[in-house]
Amino acid sequence: MKFFKILIISNILILLLGCDKSEENIFLKGNIIGFVYLVDETGYEVENKSGVNISIEGLTSSAITNEDGRFELSDVPAGTYNIIFNKSGYGTYKRFSFQFIGGNVPAFLYETTLYEKPTIEVQSLDISFTDNVINIIGEITETNQFTFQTFFNDSSNVSNVNYDYATGKYSYSGWAYTQFSQSIYLNQTPYSIGDEVYMVIYFINPYEEFGYYDYEYQTRVYTSYKKASSVINLNLQ
Amino acid sequence: MLLLNVACEKAIEYEVLSGQLIGYVTLFDNNQNNLSDNSGVEIIVEGSNHQIKASTDEDGQFIVDNLKSGIYNFVFNKEGYCQHKIISYQFVGGNKPGTIYQTGLYSLSDIQIDSLEITDLERQYNVAFMVTAVSHQQVNSFSYYRYYLSNEPEISYKNYISTDVAYSFSGTENISFYLEIDTLKFPVGSELYLIMYPTSEAYQFYTDINSGKKIYTSINIYKPSEVANITIPEVEAPWWLK
Amino acid sequence: MKNNFTRLILLLILFSGCEKSELVQLDLKGTIKGEVYALDEFGFQNSDNENIVIQLEGSEPLISIITDSTGQFEINDIPSGTYNLIILKEGYSVYQIQGVQIVGGNEPLYFTGSIIEKSSTTIESLSIEIVNSSELYLKCIVNHNFIIDQWSYRVPAIRYFIHNLSNPSDINYLQTGTVSFTGDSGTQLEYRIFAATKLFPSGSKIYIKAYGCYGYEYGYYDILSNQYKYSSLGTGSNITSITIP
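Protein chains in written order, with my numbering: chain V, 3 to 239; chain X, -17 to 224; chain U, 53 to 297.
Worth flagging that the hints you see were computed from the coordinates, not collected in a lab.
It cannot be assumed that every hint is accurate.
Derived PhoX-like pairs (lysine-lysine); straight-line CA-CA distance at most 20 Å [as the list claims (entries may be wrong)]: (1) Lys191(U) to Lys141(U); (2) Lys281(U) to Lys141(U); (3) Lys140(X) to Lys67(X); (4) Lys140(X) to Lys195(X); (5) Lys85(U) to Lys96(V); (6) Lys170(U) to Lys85(U); (7) Lys50(X) to Lys31(V); (8) Lys31(V) to Lys81(U); (9) Lys195(X) to Lys167(X); (10) Lys191(U) to Lys50(X); (11) Lys140(X) to Lys205(X); (12) Lys31(V) to Lys229(V).
Being a predicted model, the structure only gives us computed values, none of them experimental.
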């Protein structure tokens, strides 16, 4: 009789404790597949697309492309993620706010293209300021085409994502360039004579048209950005 | 009894969010005109644990009720039309319906390509061919053809390296077009294979997630031409590259 | 006997407890960060970006938020689900993005949208005439209070909606089109239109209603009706009808 009562009570306890699953969070998960294409600095498609690293910000999930540029991220839980594509020499592409619900069929990220960072180097740079114009003249390793962009800031922490003013992209296309130049009118910029201004120049792969919009830095970013100069302190006198 | 209890817990079913999906399909005839009656398209939903089917009404609308959160492929079929797919569609569910917007289904072109030939134009600095296809049918409007190039004899609309569209004027039997070859994709000395399918003037496709290839869904996959081939000839490098 | 009976009861209690099928939501919450621009009836930004109402139709209780003085907003803690995002402001056409799916998670969704002022153009005496036995001419008087010159980029227009039912409107139509206009208020417009023969064969009666509007396409897609809902429409005209020759 006593044993019988213990049995009932223990059973009821197990029922109440065991079958209560309302606190547990059930997440869906699944796989994400995509392809990455590579374009070199002369605009040609690179055949061997292996070695591109794909990772998800905030998760440990990562994958690497095979020769065909295909990658697969496995067992990703449902959520909204920033996905990062990176290959040494090609820079980083960031895809913002990808929503993933998970399921039996994998999600498909279609195609992402990475552009090779230009291999050209600046050999010398001459910067002067006269008649309210900032003049830049530089010597570079020989190339048939190149694209560059200049950034300005009132702090030495200037970069392609941290700036007050940026010029548009300037492209040169032709034959055996060894020099480039740029003139910037001071009244185009938010600065005046006597201000402390810093600038930096970057090269961009001429074939990269769009890049991506970075919502955190709130600026357009090209994956192939390569620093062409160090940070220069302009002397606006 | 304890064991029974524990085992019993595992039998509980967890439901995820579900909702309604509304989609629309428009049928196009051989002249690219949309039909007034879009009914009879069968939609198969892949990715669920059980088979889900739907079909369109006259307005081309189809509805899937109680679809669970997940990722699905939608396969569109109607006899006489080229099959189309929407792959990896993510569905959340909830109170408001989600949609796949408009999908087109294209009538299978009834043109038969009777012969296919590639001839070398023997250019000096680039590899260029003239492709000639013959169709003995009389056509009353522009007719379009999608051709595929490969370096393998097992060429098809699923297995290829590059693809493009050619067209011919009404009333003509011959379809000829100029084909320039990128020798980085098709090296000198290798064999080039070509196949053509009659198509509507549509560029609708879905991507094969294994090969990464675009599968075009306005071609008539049942009427391929024969496979033609030619060896990529040697060309001189132009003077500016020497 | 007694033992067997109690054993049976125990077994029943056991199994009945475990038959539950619980509804477990995807336990993620989403965020939308966005900005909305207000446009005047000609499609130009007018900086009236404050206090624009953003609602997520389908949320229970209804999630509703207003933009700050720069037109920006942020909605947090949105449960996973599918919603119609509705943007409203007095004097502006309602704008929607339907079927917005929210999964939720760590990263916000970014959204940019705009709303357009309702057209101030009014239409009088809308009529339709058959000219040359096959051509249809739409006629009306447009009343407005703006200056249109050849250098301005303002493109005022009227948008007409045709149906074979007697109550055509911007939400009930088979065919639609626009007619741009220039000229002072009170001008009579006369414009040839084509009624699609497939929709309106010879002998059928058509009904037309028109509204002042922005000259370019502006609107949103409505899932349930599979139709485009035009924005920037002002107050409607009278309905006119004619039988196709």
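Hints and how they fare:
1. Restraint check: the Cα-Cα separation between Lys191(U) and Lys141(U) comes to about 32 Å, which exceeds 20 Å; the hinted pair is violated.
2. With a C-alpha separation of about 17 Å, the suggested pairing of Lys281(U) with Lys141(U) holds against the 20 Å cut-off.
3. The suggested pairing of Lys140(X) with Lys67(X) holds, with an alpha-carbon distance near 14 Å, which does not exceed 20 Å.
4. The straight-line distance between the Cα atoms of Lys140(X) and Lys195(X) is roughly 7 Å, inside the 20 Å bound, and the hint therefore holds.
5. Between Lys85(U) and Lys96(V), the direct Cα distance comes to roughly 18 Å. Compliance with the 20 Å bound is thereby established for this hinted pair.
6. Of the supplied pair hints, the one linking Lys170(U) and Lys85(U) is violated, its CA atoms being roughly 26 Å apart against a limit of 20 Å.
7. Restraint check for Lys50(X) and Lys31(V): the C-alpha separation of about 13 Å stays at or below 20 Å, so the hint holds.
8. For the hint linking Lys31(V) to Lys81(U), the alpha-carbon distance of about 16 Å falls within 20 Å, and the restraint holds.
9. Taking the CA atoms of Lys195(X) and Lys167(X), the gap is near 15 Å; set against the 20 Å cutoff, the hint holds.
10. Between Lys191(U) and Lys50(X) the CA atoms are separated by roughly 52 Å; this puts the pair beyond 20 Å, and the hint is violated.
11. Simply put, Lys140(X) and Lys205(X) have alpha-carbon atoms about 14 Å apart, close enough for the 20 Å limit, and the pair holds.
12. Only pairs whose Cα atoms come within 20 Å are accepted, and Lys31(V) paired with Lys229(V) is rejected, the gap being roughly 40 Å.
Hint violations for this structure: numbers 1, 6, 10 and 12, all remaining hints satisfied.
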